[in-house]
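Enquirer: One letter stands for each residue in the lines below.
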Amino acid sequence: MAQVVVVTSGKGGVGKTTSTAALGAALAQNGDKVVVVDFDVGLRNLDLVLGAERRVVFDMINVIHGVAKLPQALIRDKRLENLFLLPASQTRDKDALTEDGVAKVITDLRASFDWIICDSPAGIERGATLAMRHADAAIIVTNPEVSSVRDSDRIIGLLDSKTAKAERGERVEKHLLITRYHSGRAARGEMLSIDDVMEILVTPLLGIIPESEEVLRASNVGSPVTLANALSAPARAYFDAARRLKGETIPMLVPIESKGIFNRLFGRKAA
Amino acid sequence: MSLFKLFRRGSAPVARERLQILLAHERVARSQPDLLGLLREEILVVISRHVAFEPDRVQIRMDRGKTVSTLEVDIEIPNAFELAQGSSSGAAAAGGALTSSQRLRMPAAHMRHG
Numbered sequence: 013m014a015q016v017v018v019v020t021s022g023k024g025g026v027g028k029t030t031s032t033a034a035l036g037a038a039l040a041q042n043g044d045k046v047v048v049v050d051f052d053v054g055l056r057n058l059d060l061v062l063g064a065e066r067r068v069v070f071d072m073i074n075v076i077h078g079v080a081k082l083p084q085a086l087i088r089d090k091r092l093e094n095l096f097l098l099p100a101s102q103t104r105d106k107d108a109l110t111e112d113g114v115a116k117v118i119t120d121l122r123a124s125f126d127w128i129i130c131d132s133p134a135g136i137e138r139g140a141t142l143a144m145r146h147a148d149a150a151i152i153v154t155n156p157e158v159s160s161v162r163d164s165d166r167i168i169g170l171l172d173s174k175t176a177k178a179e180r181g182e183r184v185e186k187h188l189l190i191t192r193y194h195s196g197r198a199a200r201g202e203m204l205s206i207d208d209v210m211e212i213l214v215t216p217l218l219g220i221i222p223e224s225e226e227v228l229r230a231s232n233v234g235s236p237v238t239l240a241n242a243l244s245a246p247a248r249a250y251f252d253a254a255r256r257l258k259g260e261t262i263p264m265l266v267p268i269e270s271k272g273i274f275n276r277l278f279g280r281k282a283a
Numbered sequence: 005m006s007l008f009k010l011f012r013r014g015s016a017p018v019a020r021e022r023l024q025i026l027l028a029h030e031r032v033a034r035s036q037p038d039l040l041g042l043l044r045e046e047i048l049v050v051i052s053r054h055v056a057f058e059p060d061r062v063q064i065r066m067d068r069g070k071t072v073s074t075l076e077v078d079i080e081i082p083n084a085f086e087l088a089q090g091s092s093s094g095a096a097a098a099g100g101a102l103t104s105s106q107r108l109r110m111p112a113a114h115m116r117h118g
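Residue numbers (my numbering), protein chains in the order written: chain A, 13 to 283; chain B, 5 to 118.
These aren't lab readings, by the way, just hints derived from the structure by calculation.
Keep in mind it's a predicted model, so treat the numbers as computed, not measured.
We treat Cβ as the ideally placed atom computed from N, Cα and C, and that holds for glycine.
Worth double-checking, as some hints may not be accurate.
Residues from chain A shown here face chain B by an in silico Cβ test under 7 Å; the list is partial [claimed, not checked]:
1) Val161
2) Gly169
3) Leu170
4) Asp172
5) Arg200
6) Ile206
7) Asp207
8) Asp208
9) Met210
10) Val214
11) Pro216
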């Protein structure tokens with residue numbers, strides 16, 4: 013049965029789009045049929061991160077307004093034949109997404125995909141609430157940093173009250189994905205640790221994605237990190253997260269920096 | 005640089021503590037009206053019934069703590085101020101005039117943390 017998953021965070025810039033692309037690709041690489049849906053009207057970027065920016069013809073709002081049929085708007089990934097993208101519109105009118113229209117699109121997607129992964133815009137307004145509206149499960153992307161954790165807590169509150177499932181008295185399954193984790197800083201007490209974040213947000217952990225230049229490099233070339241460098245630390249963390257999302261039990265590895273003692277003592281640190 | 009940092013306690017415990025206090029308050033506020041906010045509103049309404057104070061001469065400070073929160077209302081009332089209604093004067097026992105500024109400080113709420 014199809015699973016609708018929203019990737020959300022409240023705060024911007026924590027890695028929602030990157031994680032949507034990486035998890036969508038990881039699930040597709042495992043053989044599932046996946047569509048990633050960009051809900052960030054006016055500021056679409058999932059197309060860019062997936063390297064499909066020059067192939068966008070129609071978008072979700074075209075589908076909702078009947079300008080295009082859903083299959084016409086879906087873009088098949090060039091590398092993975094079972095990964096699709098439904099782009100957001102670049103129109104400035106964010107009210108162009110209607111509640112009924114989104115419901116219809118999600119229902120139609122459920123009929124032909126295993127996974128529908130919705131990339132939420134930042135914030136807690138209409139776009140974000142529409143993205144989470146029909147979710148069966150939610151991935152809350154959090155950086156180990158105070159403002160991100162606070163906003164995640166707020167989003168968790170919305171998931172428990174504003175979703176269709178919550179209104180039916182059911183629960184949206186929630187998963188925490190910690191991104192940009194820097195084990196060295198956490199060990200030195202400079203950054204909130206995994207335990208700190210988990211204790212504060214009381215949400216089961218889906219994965220820990222280490223801070224890595226591979227993530228930036230993957231988005232530079234328009235490829236999910238799981239495809240761009242499948243053996244890199246962030247890619248492996250995303251593969252594990254995708255398997256946990258499918259219900260597998262996989263031991264959680266806290267990424268450790270591979271720095272020598274010399275670097276540890278005298279090495280320069282990134283800002 | 006790094007060697008020095010080994011001897012300095014990181015800031016993560018501070019972040020953790022601040023977040024725990026803040027989120028305890030925000031979670032309560034999500035399910036019920038904000039008690040401190042409500043008190044602030046109502047106290048000002050009651051006072052304005054008796055005293056015509058300048059809105060910009062009012063200072064309100066809130067401190068949301070871990071076990072106790074405080075609401076501090078500081079209202080500057082002009083000297084030789086006449087009470088609006090002479091008969092019902094709860095605020096000023098002296099009756100006629102209030103001198104300089106009156107200061108209210110109250111521990112406003114005890115909130116449980118989940």
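Enquirer: Could you tell me which of the numbered hints above are not met by this structure, giving the numbers in increasing order?
Expert: 3, 4, 6, 7, 9, 10 and 11
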